[in-house]
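> With these hints in hand, go ahead and build the complete structure from the sequences.
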Amino acid sequence: MVDRLTNTHYVLADQPLIRFTVEQAGEVRGRFALHFGERKSLPATPHLTVYPNPASGFAVIDSPLAARVLDALGRVVHATPAGQPRLDLKGLPPGAYVVRTTDGRTARLVVE
Numbered sequence: 004m005v006d007r008l009t010n011t012h013y014v015l016a017d018q019p020l021i022r023f024t025v026e027q028a029g030e031v032r033g034r035f036a037l038h039f040g041e042r043k044s045l046p047a048t049p050h051l052t053v054y055p056n057p058a059s060g061f062a063v064i065d066s067p068l069a070a071r072v073l074d075a076l077g078r079v080v081h082a083t084p085a086g087q088p089r090l091d092l093k094g095l096p097p098g099a100y101v102v103r104t105t106d107g108r109t110a111r112l113v114v115e
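Numbers given in the numbering used here equal positions in the sequence shown, counted from 1, plus 3.
Derived by calculation from the structure, the hints in this document are not laboratory data.
Source: prediction; values computed, not measured.
Where a beta carbon is used, it is the ideal one built from N, C-alpha and C, also for glycine.
Please note: incorrect hints may appear among the correct ones.
To be verified - Label-pair distances were calculated between CB atoms; the ranges are:
#1 29 - 88: 22 to 28 Å
#2 52 - 80: 17 to 23 Å
#3 28 - 88: 49 to 55 Å
#4 86 - 16: 48 to 54 Å
#5 109 - 20: 18 to 24 Å
#6 28 - 7: 16 to 22 Å
#7 93 - 69: 34 to 40 Å
#8 98 - 34: 41 to 47 Å
#9 105 - 14: 23 to 29 Å
#10 101 - 20: 45 to 51 Å
#11 34 - 85: 43 to 49 Å
#12 21 - 80: 29 to 35 Å
#13 25 - 75: 33 to 39 Å
Structure representation (structure tokens):
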């Protein structure tokens with residue numbers, strides 16, 4: 004993407020959020036242009052395993068890293084420190100969750 008006003012080029016795969024200012028209110032036309040080229044492949048992320056799955060009460064992750072359990076709205080509903088692979092699921096309502104480690108690996112978890 005290019006900002007034609009400032010002649011700044013952005014690679015949206017590397018920087019998906021762009022901040023800019025406008026000097027007056029109203030419609031801004033022609034300032035930005037998208038350029039499509041060769042697709043940039045993203046680095047492969049190793050898979051994260053959570054078991055048992057579905058789970059009730061607790062689950063275990065195959066990682067020594069800190070992890071967070073996120074609900075469907077992306078809110079952190081449980082966090083565990085590094086070196087503690089056991090996730091305490093007591094009190095979580097049944098449903099689908101995402102477990103994310105600090106290195107960005109994710110896994111889907113179903114709580115019964």
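> Next step is simple, just say for each hint if it's right about the structure.
Going down the list of hints, with the structure as the test:
1. 29 - 88: 22 to 28 Å: Once the Cβ atoms are compared, 54 Å apart, the range 22 to 28 Å for residue 88 and residue 29 is violated.
2. 52 - 80: 17 to 23 Å: 20 Å, holds
3. 28 - 88: 49 to 55 Å: Holds, since residue 28 and residue 88 (Cβ atoms, about 53 Å apart) stay within the stated range.
4. 86 - 16: 48 to 54 Å: Given range 48 to 54 Å: violated, Cβ gap about 33 Å.
5. 109 - 20: 18 to 24 Å: Given a distance of about 20 Å, which is inside 18 to 24 Å, the answer is holds.
6. 28 - 7: 16 to 22 Å: Given about 20 Å between the Cβ atoms, the range holds.
7. 93 - 69: 34 to 40 Å: 19 Å, violated
8. 98 - 34: 41 to 47 Å: With a Cβ separation near 43 Å, residue 98 and residue 34 satisfy 41 to 47 Å, so the hint holds.
9. 105 - 14: 23 to 29 Å: 25 Å, holds
10. 101 - 20: 45 to 51 Å: 21 Å, violated
11. 34 - 85: 43 to 49 Å: Cβ of residue 34 to Cβ of residue 85: about 45 Å, so the range 43 to 49 Å holds.
12. 21 - 80: 29 to 35 Å: Holds: the Cβ-Cβ distance is about 31 Å, inside 29 to 35 Å.
13. 25 - 75: 33 to 39 Å: 35 Å, holds
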